[in-house]
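There are 4 protein chains.
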Amino acid sequence: MRRPFFEEIEKIPFVGVESNEGLGYRYYDEGRVVAGRSMKDHLRMAVCYWHTFCWPGDDVFGDGAFERPWQAANGDPIALAEEKLSVAFEFFEKLGLPFFCFHDRDLAPEGQSSAESVRILDAFAEKAAAEMERTGVALLWGTANLFGHPRYAAGAATNPDPEVFAYAAGQVKHCLEVTKRLGGANYVMWGGREGYDTLLNTDLRREADQLGRFMNLVVEHKHRIGFDGTLLIEPKPHEPTKHQYDHDVATLHSFLQRYGLEGEIRANVEVNHATLAGNSFHHEIATAIASDFLGSVDANRGDPQNGWDTDQFPNDVAELALALYEILGAGGLGTGGFNFDAKLRRQSLDPIDLFHAHVGGVDTLAHALLVAADLRKGGDLERFVAERYSGWDETFGREILDGKHSLADLATRVATSGVDPHPRSGRQEMLENLVRSRVHSAR
Amino acid sequence: MRRPFFEEIEKIPFVGVESNEGLGYRYYDEGRVVAGRSMKDHLRMAVCYWHTFCWPGDDVFGDGAFERPWQAANGDPIALAEEKLSVAFEFFEKLGLPFFCFHDRDLAPEGQSSAESVRILDAFAEKAAAEMERTGVALLWGTANLFGHPRYAAGAATNPDPEVFAYAAGQVKHCLEVTKRLGGANYVMWGGREGYDTLLNTDLRREADQLGRFMNLVVEHKHRIGFDGTLLIEPKPHEPTKHQYDHDVATLHSFLQRYGLEGEIRANVEVNHATLAGNSFHHEIATAIASDFLGSVDANRGDPQNGWDTDQFPNDVAELALALYEILGAGGLGTGGFNFDAKLRRQSLDPIDLFHAHVGGVDTLAHALLVAADLRKGGDLERFVAERYSGWDETFGREILDGKHSLADLATRVATSGVDPHPRSGRQEMLENLVRSRVHSAR
Amino acid sequence: MRRPFFEEIEKIPFVGVESNEGLGYRYYDEGRVVAGRSMKDHLRMAVCYWHTFCWPGDDVFGDGAFERPWQAANGDPIALAEEKLSVAFEFFEKLGLPFFCFHDRDLAPEGQSSAESVRILDAFAEKAAAEMERTGVALLWGTANLFGHPRYAAGAATNPDPEVFAYAAGQVKHCLEVTKRLGGANYVMWGGREGYDTLLNTDLRREADQLGRFMNLVVEHKHRIGFDGTLLIEPKPHEPTKHQYDHDVATLHSFLQRYGLEGEIRANVEVNHATLAGNSFHHEIATAIASDFLGSVDANRGDPQNGWDTDQFPNDVAELALALYEILGAGGLGTGGFNFDAKLRRQSLDPIDLFHAHVGGVDTLAHALLVAADLRKGGDLERFVAERYSGWDETFGREILDGKHSLADLATRVATSGVDPHPRSGRQEMLENLVRSRVHSAR
Amino acid sequence: MRRPFFEEIEKIPFVGVESNEGLGYRYYDEGRVVAGRSMKDHLRMAVCYWHTFCWPGDDVFGDGAFERPWQAANGDPIALAEEKLSVAFEFFEKLGLPFFCFHDRDLAPEGQSSAESVRILDAFAEKAAAEMERTGVALLWGTANLFGHPRYAAGAATNPDPEVFAYAAGQVKHCLEVTKRLGGANYVMWGGREGYDTLLNTDLRREADQLGRFMNLVVEHKHRIGFDGTLLIEPKPHEPTKHQYDHDVATLHSFLQRYGLEGEIRANVEVNHATLAGNSFHHEIATAIASDFLGSVDANRGDPQNGWDTDQFPNDVAELALALYEILGAGGLGTGGFNFDAKLRRQSLDPIDLFHAHVGGVDTLAHALLVAADLRKGGDLERFVAERYSGWDETFGREILDGKHSLADLATRVATSGVDPHPRSGRQEMLENLVRSRVHSAR
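Protein chains in written order, with the working numbering: chain B, 1 to 443; chain Z, 1 to 443; chain G, 1 to 443; chain L, 1 to 443.
By construction, these hints were calculated from the structure, which means they are not laboratory data. Only true hints are included.
Same chains, same names: a pair is fine if it fits in one copy or spans any two.
Only pairs whose alpha carbons sit at most 20 Å apart, straight line, appear in this in silico SDA-like list of lysine to any residue:
(1) Lys404 - His221
(2) Lys404 - Gly212
(3) Lys377 - Val33
(4) Lys404 - Glu220
(5) Lys377 - Gly332
(6) Lys404 - Glu163
Input sequences plus hints: build the corresponding full structure.
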C-alpha cells in the first residue's frame, strides 16, 4: 500500500474556538446546525485540484518553488498524474471537506491527439470515481481547460478560426460527460481567453455571436445527455486577456439575456475577480441574487494593492459574512458551493502550508456563516431596509410600479400638492457598526 | 446694448495646420468634407452649459477661483442667470460650434416650489429660444438635474421614498418638454444618484424595478408629446455614489434588455466615465456599436493617475481617432454629437482659458476625424479583420453559427478528422504601428 | 444658558461588549489598562473640528444636505462660529474623548485682511481656551488651512509667487503660536496644494527648494517660541492636485533627508491617504516606524472601489490592529494620537449620526488595541520573525552587516564552500490565521 | 556557415516618413543630427535579450506559444543557448541598433553549482565578445538574475538567510566583472524580490540595512575593479512581490540618501513601472532629473486597464516626447540609453512580429525626440515657466530662499504691507495644446 504523503497529519479535528493548539477547526463543526441546516450543507466546500496540486509555485518572474514529487520534471506523465490523484484524495480526506473541483487537464494529462486525450481522461475519471467511492468525497464541478494550450491563444469559442471552436466543443462535450459520470453537481465555464488583447484585430459582434452559439450548444448537450447539474459561467474582467467578455456579473447578465440563456446558466462569482473588476464581492453576490442567477462561489481574496489575480485564501470574515447574509436571504446556493479557488503564496512551500491555508479558509467561511445567521436572526438589517422603502408598499408607491400613473400625472400631482419631500438619514454608520458588532460576537 | 464679456476675442477663425499664431482652428474647418460629410455634420459638437458657465472653479478642498460676474455671491439669481445666458451665447457664437447642452438648473435657477421652478425655466427657455434664433446655435440635448438638491441624496427614481420619484418625474417631464420646444436633438438622463452608498440599507431589486418603471414612463411621455429626438442614458460607475447602476455600457445594456427598453434608449458614452469603470473609451464605443445602441458622446478625458472624474478637455488624438473609426464604420452618430463635458483646471482662471480649452478640444476631434477617415479609406484594418475571421464566412463556420452542428457532431468531427488547429499571429504590434502612423500623417 | 444642541444625548457610557442597547462603548473603557497603559493614554483620540462641524454634507455633485444651524446661509459669520464652538465642545464632552484638532479657518472665519484674520482667530482661541478649561478637553494638534482660498490655488510654499509664500508663512506662524497657546501636543502641515496639476508649467526643482525652505522656517520658529510639541507632515498622493509632493511616507522621508529635517518633523499617517497612494495602511505605519519618524495617525478608512478620499469612519478592526501592533512595538505614539479625520456619509444627515459614527470609530480602535496587545503578549509573531532572521544575529550575518566581507570575499566563500541555500517557508497563511484568530478572540 | 534565422528579412532601412511600404524606419535616421547630436547618440537604443529571445510566449494561464528552435523542450542547454546567441546577433544587426542588454541567465544557462555557472557564463561572454566584435553592437548594461531561482523566493540581499545574501553577492560580483569585460556602459540592479509578500513575517528595518550593505558592497567592488560604467537601480512598486522596496523614484532616492549611495547609483526608469506605481512616466523622469540621479530608461508601455506589468512596445509619441524634453533639458542620459524592455503580445507568435514591434518602438522614440527637440528649440515652455516663477529670481524671492527672512519677518511683512496676492492662470490647456501641436508637426 502507498505510503501517505502527508504522513504527519491526521484528519483535521474540530477543536472549538477556545483552542489554541495546532491544526484544527475553531469554527467549522460540520454537523452543527445553523439557520436550519448543517454547516456542511450550507457551505458545500470544495478543494480546487488545480491550485492545490498542479500549480508548482511559480510566478511570472520565478520558477516553481514547491518540491512536489508528482511535479518532477522528467517523470512519466501518467504515473505522475496517478500519484497526484492519490495525494489529492489523501488531502481531501484529511481535510474533511465534502467536495473537490477539477479541470480536465488537472486530472489527466493531455494526449498527442484529441482522441488520446479523451481516452486518458476517461481512464482517470474511472480512477477518480474509485477514490470518490472510497472516501465519500463528491464532485462540486468539472470544467474544461480552454486557455492553457497555444491553440486557444486567440480564444476558444471566440476564436477567429472555426476549427478552434470545434476543438473546444469537443473538449467541453467530453468534460461535461465526465462530470455527469462522476455525479458532478455543476459544470463551470471560465472564458479566460474569450476576450481580446486589442480591438484593432477584433470583431466584437462576431465574437459575441460565436460565444452565444457555443453556450447554447452546451445547454442543448446538457439536456440531451440528461445532466441535471447546473451550468455556470465565472466572470472575470481581464487577465490573461486585456479585456474578457464576461467582465462582471452585470455584463454576464447582459450576455445571457441577449442569447436567450437566462434560466439555463448561472453565475459562479469569485471574490478576487469581483475586486479586479472594480466591484465589491458583496456587490457581485447581491447583483446576481437580485437577478436570480447566482450559482456558486469561488472563495478566495485578492490583494488590495496588487492589480492581478492573487487568489489568496479567504481570511476576511466580514467580507464573506455579508455575502453569506445575502445567500441566506436567497435560500442558499442550491447545487452550488464554496470552492477554494486559492493558492499558497510562493514562499509557503511546505506541504503543511496547504493545511494551514485550507483550515484558515474553512474557518473563515464557517465563522462568516455564523455571523450571517446572527444577522438574519436578529433581523435588524431587514427591518431597517423594509421600513426605509415602506412607502413603496403603500398605495401610491404600488400604483407607480403598477403603471397607474403617467409622467404627466405625477407632474401634476407634484405641482398641485406642493409635495416637497425631505431626505431621511440612511444611517450607514449605525448599520456598519451593527455588522461589525455581529462579526465579533458570533460564536 | 450689452457690452461683450469676451471683449478682446473675435470669432475663432480656421487658420490651418501650418499657422502658429494665436487662437484659431488648425484642423477644424467646418465645411471641409471628409468621408462624404462636412466636419461640422460629422462631429456635431456642443458646448456644455454647466462646466463652462456654472462651475465656479471650486473643488473638494477649495473655493471657487473664477471671478465670473454672473457668479457673484449676493446677486439676484434671475438677473445673474440672464447675464450668464448672454455670455454663453456670445461664447457659442465666437467659438462657432453648432450646438450647446444644458441641465434645467444651469439655465434657470430653482424656485421656492416646483411650480415656481417650472415658471422660471419656461421664461428662460423663451430667452434661450430667442438667442438660438439670433445666433443659429442649436440644442444637442437637455437634461434635468436630479442630483444636486438634497432631496435626491438617496436617488431620484431609485429613492426609497416614492414622493421623490414623483418629484423627479415632474422635473423630467417638464425638462423633456422644454427640450422639445427648443428643438433638442436628444434628451439625456444621467443617474448620478441612482446607485448606493452602502448595500446595508439598499434593496437592489426594488431599486432596479423603480428605475425600469421610471425609464418606461419617460419613453411613454416622449411618444405622447411627439418628441422625435433620441433618449440617452450616460453610464458612470461611481462618484458621487459608491456604486452607480448604469456602471458601464454593458451594464446599461443589461438593464435596457431587462426592462424592455432596447430600441428606445441609447448610450451617451463619456471618455472619463469609461476609464473610471476600468474600460478603455474605445471599448465602450465599440461595445455600444456592437449592440446597436450608441447614441452620443461626452468628449473629455480623465487623468490616468487620478481616480475621480477630472473632466479634462480632450487632447489625445489617437484615443478619439479609434472611437471615430468605429463611429464612421457604424455610419455616424445619428442625432447624437460630441459634447465637451469638460471643465478648465481650477488654476485656469481667466476667461481666455475657456477659449484655449475649447479650441484645443475641437481641433483634437477634427484631427481625430481625419485620422479615422484615413484609416477607413485605407481599409487596412478592415481587410485584416475580415481576413482573420474569414473561416466564419465559409461553409463550416456559417453552419456552426446557423445551428447546424451539435456539440456532439463537432466532437465527432474533431475526433475523426484529427483536426489540430494552429494559432496564427494577431499582428497586434503591426496594427498599432499602422494606427500610429495614420495619427501622424493625417492632415 | 444655551440650550444643548444634542438635547437627547447623554454622555456616552461604557456598556461593555455584551450590551446590545443603544449608544454606548462596547470596547472603549478609557481607564482600562492594556499593555501597561490606559486605553485613553494609548489612543489619545481626537475629534476633527472640520469634518464634524464645518463640512455641510455637500459633494462635487450636490449641495450641503445637513441642516446645522451654525451653517445657515446668511448668518453673521462670527455668531455662527461661536455657536459652532459651543456645539463642538458639547459634542466633545458627550463623546468623552480627550482631544480635538482644528484648522485655523474651522475655528474662526477668515477676515477681510490678514491682520483681521489674526484678530478673529485670537479671539476664538480665547473662547476655545475657556471651553477647554471648562471641559478638560485638550488640543492634539492645530493646523493652518493653506488650500481653501484661491490665493493658494497654485500652492502655498511651492507657489510660483513668493508673496503667496510670505502670506502662508504669516498664517502658519500665527496658527503655530495659537496652537502653542492652547497647549497643543503637535502642529500639523498638510500640503494639499503643494504639488502640481501639470508638469508643463511646473519647475520641480524650484518648488522642492521652496518647500524645504518653508519647512526649515517653521522648525526655526517652533524653537524660537519654545513650542515643545511635535511638527508633523501628513502625506497624501493627490487630490485636490494631480500630484502632491508628500506622496507617501517614503517620499516624505526622502524630502526630510534632503532638506535636513530628519529629527525635526515626523509623519502624520492617514489610512485613506495610504490606500490612495497604493500602499496598505500597515505598510505606511511600519515604514514610518522603521525610519523612526512616525508621529501621529489620522484614523479613517477609504472605499476600496472609489479612487478618492472618502474619509469614512474606521470600522475594520484587523486593519487597525496591525497598525497598533507596530505602534505598541515602537513604544507608542509619543505626543501623537488618533484623530478621526472622517466624515459622515452625505445621507447620514441627522445629528445623531455623528454619534453613531464616532462611537463606532472609537470602539474599532479600542478593540484593535486589545488585539494588538494580545498579539504582543502572545509573542508568536515576534518569535517567528526573530527566528526567521536568526542567521543575521550569528557570526557570519553580523560580519556581513559590519562590513567585514567584500563582494569578492563572499563570492569566494560561495564558490569554495559550495553553499547552495535552500528556501524556507514564510508561513504566510499560518500567520494570517493567527492574526485573524486574535482579532476574534480579543475582548 | 549557419543559415540565418530571419531569412527573409534584410537590414531595416530608413525609408522616411512618406513611405508606406513594408518594414522600414520612418523617423529613425541614425545619423540625422537633432539638437546637436545624432539620433543614434541621443537615444542609445538597446534590444533586451530576455524579452526578445528568452521569453517563450507564456503567461500565467497559458503555455509558451512561440515556436523558437532555441527554446526546444528537450534540447541541450548549451547548444540551445549558442543558437540563441547567433539569432540574437543576427537580429541586432538587421535591426541596426547600437546596443543590447542581458541578464546573466539569459546569456548562459545556470550550472549545477555556482562555480559551474561562473564557467558557463565566462564561456558565453567570450562568444558574445566575438559577436560584438564582428557586428559592432555594444553592451548598454548587464544584470544578474536574482529573482528566478527558488533560492531567491524571499529576496536576495534582503533574504532572511545570510547565505542567500552571500550567494547573490557572488552572482553580482561575477556579472559585474563580465559586464566590465564586455565594455558595458552601465550595470543594473532590479530588486524584484527585494520586498515582502506579508509584513507579518518581515523585519523592515533589518531588510533595509541588508540592502544598504549590499549596495555599498557593489559600489566598492565597482571601484576596486575599475568599472567606469554607471550603477543603476530600477524602481518597481510590486510584482512579483506584494511590495517592493524600490517602489518608485522618490522611494529609491530616500534609500540612496539613507545609505550614503547618492552620487554612486542612479535610477533606471521604466515606463510601465512608473504607471504601476501610480505615477506618470513624465513624473518619474522629471523627479529623477530634479534630484540629479536619472541614469537610463526602460522604454515600454503598460495597459491603462491592466494592473500588471504588460511590457508592451512603446507606441505613444506624446508620452515619450515629454520625457525626452526633460532629458534634453538635462543634457542627455550620459552613459544611459533606451532599452526596449518590452515583449510581444502572446498572440504575436511569428518571428516577423519581433521586427514590427521593434521598428515601431524605435520610430516612436525617434519621433518623440524630434518633438522634444522642437519644443526645446521653440522655447515656449521654458519661457512660460521662467516667467511664471520670475518672482523668485527677484530680490524678495532670492532673499527668502537664501534664508534672510524668518517666519516672523514674513508674517510682519504681510500684516503691515497688507499684501494679498492674487492667483494667476496656470494656462494648462494652452500649454497642452502647444505640446499636442508639436507632436503632430514634428518631422
